[in-house]
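Chemist: Based on the sequences and whatever the hints tell you, model everything.
Numbering (full-length UniProt numbering), first residue to last: 1 to 330.
Capping the alpha-carbon separation at 16 Å, the derived lysine to aspartate or glutamate pairs in EDC-like fashion look like this:
#1 Lys231 / Asp278
#2 Lys160 / Glu77
#3 Lys32 / Asp80
#4 Lys294 / Glu221
#5 Lys123 / Glu159
#6 Lys160 / Asp114
#7 Lys53 / Glu22
#8 Lys242 / Glu252
#9 Lys231 / Glu209
#10 Lys58 / Asp80
#11 Lys5 / Asp80
#12 Lys19 / Glu209
#13 Lys184 / Asp239
#14 Lys279 / Glu221
#15 Lys123 / Glu221
#16 Lys122 / Glu77
#17 Lys103 / Asp68
#18 Lys32 / Glu77
#19 Lys27 / Asp55
#20 Lys249 / Glu191
#21 Lys279 / Glu209
#22 Lys122 / Glu221
#23 Lys231 / Glu276
#24 Lys123 / Glu77
#25 Lys47 / Glu22
#26 Lys5 / Glu77
#27 Lys32 / Glu22
Have a look at the derived ranges for each label pair, beta carbon to beta carbon:
#28 Gln90 / Glu191: 18 to 28 Å
#29 Asn134 / Lys301: 21 to 31 Å
#30 Glu213 / Lys58: 20 to 30 Å
#31 Glu40 / Gly312: 36 to 46 Å
Treat the hints as calculated values from the structure; they're not laboratory data. For glycine and all other residues, C-beta sits at the position ideal for the given N, C-alpha and C.
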Amino acid sequence: MLNGKNILITGGTGSFGKKFLEMIFAKYNPNKVIIYSRDEFKQSIMKTEYANKVDMTKVRFFIGDVRDKDRLYRAFEGVDYVIHAAAMKQVPTCEYNPFEAIKTNIHGAQNVIDAALDKGVKKVIALSTDKAVNPINLYGGTKLVSDKLFIAANAYSGEKGTRFAIVRYGNVAGSRGSIIPVFKNLIERGETTLPITDFRMTRFWITLEQGVELVFKALAEAKGGETYISKIPSFKIVDLAKAMLPNSKLVEIGIREGEKLHEVMVTKDDSRMTYEYDKHYIIYPNFEWMDISKSLLPGGKLVEEGFEYNSGNNNNWLEVDQLLRELQML
Numbered sequence: 001m002l003n004g005k006n007i008l009i010t011g012g013t014g015s016f017g018k019k020f021l022e023m024i025f026a027k028y029n030p031n032k033v034i035i036y037s038r039d040e041f042k043q044s045i046m047k048t049e050y051a052n053k054v055d056m057t058k059v060r061f062f063i064g065d066v067r068d069k070d071r072l073y074r075a076f077e078g079v080d081y082v083i084h085a086a087a088m089k090q091v092p093t094c095e096y097n098p099f100e101a102i103k104t105n106i107h108g109a110q111n112v113i114d115a116a117l118d119k120g121v122k123k124v125i126a127l128s129t130d131k132a133v134n135p136i137n138l139y140g141g142t143k144l145v146s147d148k149l150f151i152a153a154n155a156y157s158g159e160k161g162t163r164f165a166i167v168r169y170g171n172v173a174g175s176r177g178s179i180i181p182v183f184k185n186l187i188e189r190g191e192t193t194l195p196i197t198d199f200r201m202t203r204f205w206i207t208l209e210q211g212v213e214l215v216f217k218a219l220a221e222a223k224g225g226e227t228y229i230s231k232i233p234s235f236k237i238v239d240l241a242k243a244m245l246p247n248s249k250l251v252e253i254g255i256r257e258g259e260k261l262h263e264v265m266v267t268k269d270d271s272r273m274t275y276e277y278d279k280h281y282i283i284y285p286n287f288e289w290m291d292i293s294k295s296l297l298p299g300g301k302l303v304e305e306g307f308e309y310n311s312g313n314n315n316n317w318l319e320v321d322q323l324l325r326e327l328q329m330l
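Modeler: Structure representation (structure tokens):
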């Protein structure tokens with residue numbers, strides 16, 4: 001599928017982009033992988049880090065911002081596939097800088113769509129987040145709009161045939177946005193008390209490898225407008241704390257602004273268009289102009305109406321001992 005192809009990743013110096021670069025060369029033989037981002041220092045570090053890990057003769061580093069449509073047009077020249085990972089992701093930062101979040105997460109998404117359509121990109125996979133589902137903070141709101149833009153963009157592709165799809169997951173285990181580095185830093189400082197915002201809080205457990213694999217699946221299968229969601233285990237934040245520091249004292253400090261008790265991936269309202277597969281769910285688009293019978297993949301089963309997929313009602317859980325094993329593999 002990706003052999004001999006040109007692939008571009010926006011926000012490519014982040015955790016996802018690094019793992020994607022590593023895995024695409026392990027599984028495929030692309031013609032060229034373009035890392036598109038605005039931070040020259042992170043690009044320099046990435047070049048050094050992967051110098052002996054992948055074929056760097058096939059990697060290109062483009063300085064650019066998704067806010068800059070002209071630069072995107074130049075970067076998308078000859079590109080077959082785009083993975084859109086660039087975003088402002090920090091909830092407090094987006095709350096304090098709302099105009100900037102809108103420029104990057106919404107206007108940037110539209111710029112990527114326009115460039116992909118006009119430059120004949122075959123397929124675009126945009127990374128979403130659980131926070132885009134019933135959003136309660138600005139980051140989630142901007143990502144909801146972004147998701148809607150990418151799904152609706154399929155109406156504009158016409159004869160050019162560019163297809164747009166979404167991959168959705170929550171905080172990746174061990175990433176900068178997860179609680180694991182926070183606990184780790186406290187433990188390394190010798191703390192014996194770990195703060196928990198709410199003892200009832202749960203999250204999904206997904207690794208970077210699983211996130212990249214889901215993107216590969218969407219690249220191979222998506223026919224336009226789908227939202228892919230992995231079937232993954234849940235865990236309790238209190239159990240994670242116990243796994244990282246046995247016999248620690250846990251203190252409930254109160255839920256933060258814009259934070260949810262559980263990660264929600266599929267809402268009850270989305271259940272009417274959600275199909276369950278062996279290892280994932282797909283939410284299909286619901287437009288009168290789109291015949292989803294042409295998009296439905298074999299092997300799927302429509303979930304019951306009213307079904308909701310969130311980390312609190314999952315039937316697959318990681319207990320303390322299982323979390324400990326998962327942590328050792330990060």
